[in-house]
Every structure is written in structure tokens, then in C-alpha cells.
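Q: This is what each chain is made of:
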Amino acid sequence: MSFIPSAIPELMCTSDLACERDFRVLYSGLSLSVKAGELWHVKGCNGAGKTTLLRQLAGLHPVDIGKVLYPQTSIKIIYIGHKLGLKEQLTADENLSWLVGLDGSSTQLQRYAALERAGLKGYEENTVAQLSAGQKRRVALARLHLCKADVWLLDEPFTSLDHQGIEDEQDWLNQHTLAGGAVLMTSHQEVSLPQVNILDLSQYAELSSSSPSSGGGSST
Amino acid sequence: MTQSIWRMPRWFHQMGSPKWFYGFGGSLQPWFALAAFVLLTWGIVWGLAFAPADYQQGNSFRIMYVHVPAAILSQSVFLGMAVAGAVGLIWKMKVAFMVARSCIAIGATFTVIALLTGAIWGKPTWGAYWVWDARLTSTLVLLFLYAGVMALNQAIAERQIAGKATAILAIVGTINIPIIKYSVEWWNTLHQGSSFTLTAKPSMPADMYLPLLLTVLGSYCLFVLVVLMRTRTQILQTQSGTSWLMQHRDITGV
Amino acid sequence: MIRFMLAIIRRDLLLVARQPAEMINPLVFFLLVIAMFPLGISPEASLLSQTAAGVIWVAAMLATLLSLELLFKLDHDDGSLEQLLLAPYPSWSLVIAKVFVHWLVSGLPLILISPLIATMLFLPSEAVPTLMLSLLLGTPTLSLLGAIGAALVTGVRGGGMLLTLLILPLYVPVIIFGASSVAAAAQGMPGDGYMALLAAMFVFALMITPWAAGSALKL
Chain E
0 MSFIPSAIPE LMCTSDLACE RDFRVLYSGL SLSVKAGELW HVKGCNGAGK
50 TTLLRQLAGL HPVDIGKVLY PQTSIKIIYI GHKLGLKEQL TADENLSWLV
100 GLDGSSTQLQ RYAALERAGL KGYEENTVAQ LSAGQKRRVA LARLHLCKAD
150 VWLLDEPFTS LDHQGIEDEQ DWLNQHTLAG GAVLMTSHQE VSLPQVNILD
200 LSQYAELSSS SPSSGGGSST
Chain D
0 MTQSIWRMPR WFHQMGSPKW FYGFGGSLQP WFALAAFVLL TWGIVWGLAF
50 APADYQQGNS FRIMYVHVPA AILSQSVFLG MAVAGAVGLI WKMKVAFMVA
100 RSCIAIGATF TVIALLTGAI WGKPTWGAYW VWDARLTSTL VLLFLYAGVM
150 ALNQAIAERQ IAGKATAILA IVGTINIPII KYSVEWWNTL HQGSSFTLTA
200 KPSMPADMYL PLLLTVLGSY CLFVLVVLMR TRTQILQTQS GTSWLMQHRD
250 ITGV
Chain P
0 MIRFMLAIIR RDLLLVARQP AEMINPLVFF LLVIAMFPLG ISPEASLLSQ
50 TAAGVIWVAA MLATLLSLEL LFKLDHDDGS LEQLLLAPYP SWSLVIAKVF
100 VHWLVSGLPL ILISPLIATM LFLPSEAVPT LMLSLLLGTP TLSLLGAIGA
150 ALVTGVRGGG MLLTLLILPL YVPVIIFGAS SVAAAAQGMP GDGYMALLAA
200 MFVFALMITP WAAGSALKL
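Chains E, D and P supply the protein sequences, listed in that same order.
Each residue of the first sequence is one higher than the last, beginning at 0 in numbering that gives the first Met the number 0.
Each residue of the second sequence is one higher than the last, beginning at 0 in numbering that gives the first Met the number 0.
Each residue of the third sequence is one higher than the last, beginning at 0 in numbering that gives the first Met the number 0.
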């Protein structure tokens, strides 16, 4: 993706996005614009809907109110959620092979290189069940190096990683945005990178009135 | 408002508003209650007490006045549930899912009544409480379908997902019902000679037929009444934070 | 899209190869259930041969149900189902790919072992080709219909029992025609009509189930 100084391409945007769970509104009126090169840190307390937002942006959660738009015609999104999406009985290499094989292909050389970059040199032929939690996350993240995706949607990507791993990952996030990609992530940890846009989900939360005497609760 | 591939008139979308449904449904409720009470009482009393006895079966056929409406309703309600579910899925109406959910219990009840009265009817006619007659067996399978929808509805915690899942199941079930009925009828003719069906023939004299019509209509009114009541209750339960409902409470004191 | 479906098929077959129990268990279950009938009823040849068609079909149905629960559950639990749904291909293609593997692993072995079962239950040998053909046409339908239930109960606790409850009514037509075809063949009558009906049901299931299961997965 080339960098045009005057017009930065918009990769993803939402228009008045809202989400309900059990008739309780998690967030509403969310209009977000994600441009190339941006890194967004979605913040909010537990239960605020951070994961649901990421899933709506990925297309996993149904969007009943509002819209999610992808202005670029062909956009590639990688979503890595709480559950890593790895099959325990397959090796790290095999897992990457099928994950990438869903919409593309890869050679073993490329996969080994990605695993090495993720810090798993020598573990390529171990089944995922034999790896530690942090190593499993590294396998999932290795996919980021294999697929040339525009937008990375990462839910708590630092979980289980050791100190070095967290540093490495922040490095990758930085490189990705410099190359013109975009990142949306949730994390309870602070991201120490130069340009971080903060999205505080509690701003969009619905004010719920529980007592009948309090005047206007907003209509759904 | 909501987008879909089919354009529907404005009143259709208006029905999907919980507030409107609560109000309009509330005004309709007493009428349906009255109609159900009048039609059912008239039909059942006439049928059970005053209609002429059937020359073949004597008085035991009178159970038909309860059995036939129950059987008809059991199928209609399932279809209605599927239609409501489809409406909810296509036009994303929460009220439609509530209507579908209201249908489950009443439909299952009609099915059980149909089965029980079928058994009661069967004893004097065939000498056995249960026979694997085509219609009874299909009704039994229908009861299983209802049980499945009920179980699925209760098993899924999140209400909106439950509504969509039960809608899909209801639609799949409805598509399958004709196939199931055909296959069971076919299976039945294979294994039994001529089976005496439990439906009375259409060529009945008027004073036998009319009470039946009354009970069928009355049952439909009862069904609509129950759906209105249950849907409105669900609206109360789920819209408790909204302004229109709180104003309503302030006015009515409910 | 074909490559997508092939990738799923290849992955699932690899998983079965790593855990052969997934393939063996339904087969053993099938044999056990078959063995239960003579034990529970009577080992008399005349009685068994009369009921053989129905018994085999019911056992096949139960064995299919047993393995259906895991169709989507395992993928849901480790998050790989999400990744499959994220791919830019329609969800019904994913359903077809997974149902195909499920049938290969649970339906095909049943078909292959059915001649042996026929002998155990004294089914006349002239009915065996009909038996195999009816299973060949019927077990994919069972897998397809079951996929709807499996998709609906994904992520629900106690899904296995609920799944059975949901799907069994839908299985009624398949059981009726499948068993009747074999019973007719055992009596020397032609089973063409039944086969046509079974084939029609398979085509019908192939048309509606991937859509229904795909929608249910996205919930």
C-alpha cells in the first residue's frame, strides 16, 4: 500500500454503530474512522463491550444497528481473539498452514520464517498441545507475519507473553502501522508506542436508569 | 428504518415497535378474550350436549369437538411461529421474536390436548388408548418438534440469540412437517389395512358441523389472546428502561 | 472457494488421522447397538430377520448422532470456527466441507460394514445391496440434517442431549423410507421407488441445510 501524503486511505469506518446484549445497550452512536497507519487502543472496563466491538468490526458479531463499512474494495482483516484458533493436535507449522490456506497459500520456508520471527525457532514441529500458553500465543501471532493483512484486530494480544514477547509484539505493531496497515486492539496494559489513538468505550455506553423516579432514560 | 430486500408498507414496520404493539395489543385483548369465551363455550356446550349423536360411534365422537380444533391449531401455531420467526430474521424485529416465543407453549398445549383427546376417542372406537395411526403419530412427532424448540429457547442464555436460533429451527421444522406427514401416512398405509381416521368427514349435517366451526374459531381467538398477552408481558420485561414505559407506569400506576 | 473447502477437508482429515478414536468410536457404537437387539429381544432368526432392516437403520442413526455433537463443538471451543467464519467465503461452503468429512468418517464405515451386520441379523442376502444403497443415500442426509442441530447448539451447555431432541423429528422420514426399502427388498420386492425418495430427500437436504446451518453458526 503506497503512502499518498495528501490523502490517507480510510481502511474501515463505522457509522452510528450500536450493540445490545440481552436488551441492555453496551454502546451506541459509535462513529469511528480507522485510517492507514493508525493504531487504536480500545479501552473500557470489563463488560464494556470491547471484545464485541472487535468482533463486530471483524464481521463475526451481527450488526443490527448502525453500519460497519470498508471503503477499500479489497481489504484483508486478521482477527485474533481470546481463543487463539489453533488445533491442539496439529503442529505449529500445520496450524499456520491451514490458517493461511483458507485464503491463500504458503510454503514451509515462509512459515518457518514467520515462526522464527515470532520467537519459536525449533518448535515448528511440536504439536500445539505441547507448547506453553505464551508459546501458543506466539504461534497465533506468527500468522500476522505470513498474511499480508491491512487491518489487525487483536483482542488482548499481550496475554501470556513474557516481557521480551511484549516488546517484540509492540515492535511488530509499530512496523505494521509504518507500512500502512492499521491496528485495533484491546488491552488492559498500556501500549508504549509513539502514536496511539485511544477509544474509550465507556463514553458510548448507555446510561441506564434503574429507579422509576429518575427522569428520562434514553429510548432504545 | 430497517433495511431489507422487500419493501413493506409503513404499518408493517410500525407493528415492530414494542411501544405500539403494547398499546394496540392491549386494546385488542379484551375483544379476543370475549370472542374466545363466547365461541368456545357456545361451541363446546352445543357440541358436547346438544348436537345429534353419530349413528356409527354414538356419543363418543363428541370428543371431536375438542380434538379437531386442538389438532388444527397445533399445526397452525407452529406455522405461525415459523412465520413470526422469519419476519424477525428478515426485518430484524424484536417484537416478531417475542411473538414467536409466545407461540411455543400454547402450541405445545394444543398438541398435547390433541394427543390426549385422540387417545380418549380411540378407546371406545378401537379398544386401545394408543394406536400408531398416521395422524396421531404425526401429532406425536409435532410434539417432539415443539419440545425441541422449547428446549433450545431455554438452553440459550442470551435472549436475542435464542430468538434467532429458535426462528431458524421453527422454519426448518415447518419445511419438514409436510415431508414428515407424508412419510408417516405412507408408512401407516403400508402396515395397516384401512385405518379409521379420526377426522370426521366433511359431509356432516349442519348441526354437527356448526359447533365444530365455532370451537375452531374460538380456539383461534384463544390463541391470539394468549399470544397478545405473552408478547406484551415480554415487552414489559425487556423494555423496562425505556421512557415510554416509564411514562406509562406513571400514568397507569402499574 | 473450492480451495477453501479443500483446505478444511484436508485439515479435518488430518485431525482424524491424529485421533483415530473419532472414527473408531461411532463404528464400535454401531456394532454394540446392533448386538444389543438380539440380546434384548431374542436371538431367533425368524424374528431378527423381520426386524433387521429397522434395527440397522435405527442403529445407524444413533451412531451418526453420537458423532454429530463434535462436528462444530471442537472448533468452537478452540476458536478455529471463528477463523473459518472469517474467511471471505459463504458459511454454507464451510458446512458442506465439514459435513462431507463427517460423513466420510462416520457414515462411510457403516456402509462398508453393513454386509457383516446383515449376516448377524439374518437379513436375507438379496436385501444387502439395497441396504448398502439406502445407507449410501440416507447417511449423507442424516449428516446434513444433523449439521443444523449441531450448528444451533454450538456453545450451548448440555448440547448433546438437546441436539438429539432437535434432530430426531427431522430424521423420521429418512428412517421410514430407508428401513422400508430394505424391508421390501428382503421380501423380494423392488425398492426403486424408495431409492428415488431417499435420493430426493438427500438433494433437498443438500439445498436447505447448508444455508440453515451456516446461518445458525453465525449466531
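Note that these hints are calculated values from the structure, not bench results.
Treat the hints with caution; some may be incorrect.
Only pairs whose alpha carbons sit at most 20 Å apart, straight line, appear in this in silico EDC-like list of lysine to aspartate or glutamate [what the hints assert, rightly or not]:
1) D:K91 / E:D63
2) D:K18 / E:E19
3) D:K18 / E:D167
Q: Next, verify each hint and record whether it holds.
A: Hints, one by one, checked against the model:
1. D:K91 / E:D63: Holds, because 7 Å separates the two Cα atoms, which is no more than 20 Å.
2. D:K18 / E:E19: 18 Å, holds
3. D:K18 / E:D167: The given pair, whose Cα atoms are some 54 Å apart, is violated under the 20 Å limit.
When held up to the earlier numbered hints, the structure conflicts with hint 3 and nothing else.
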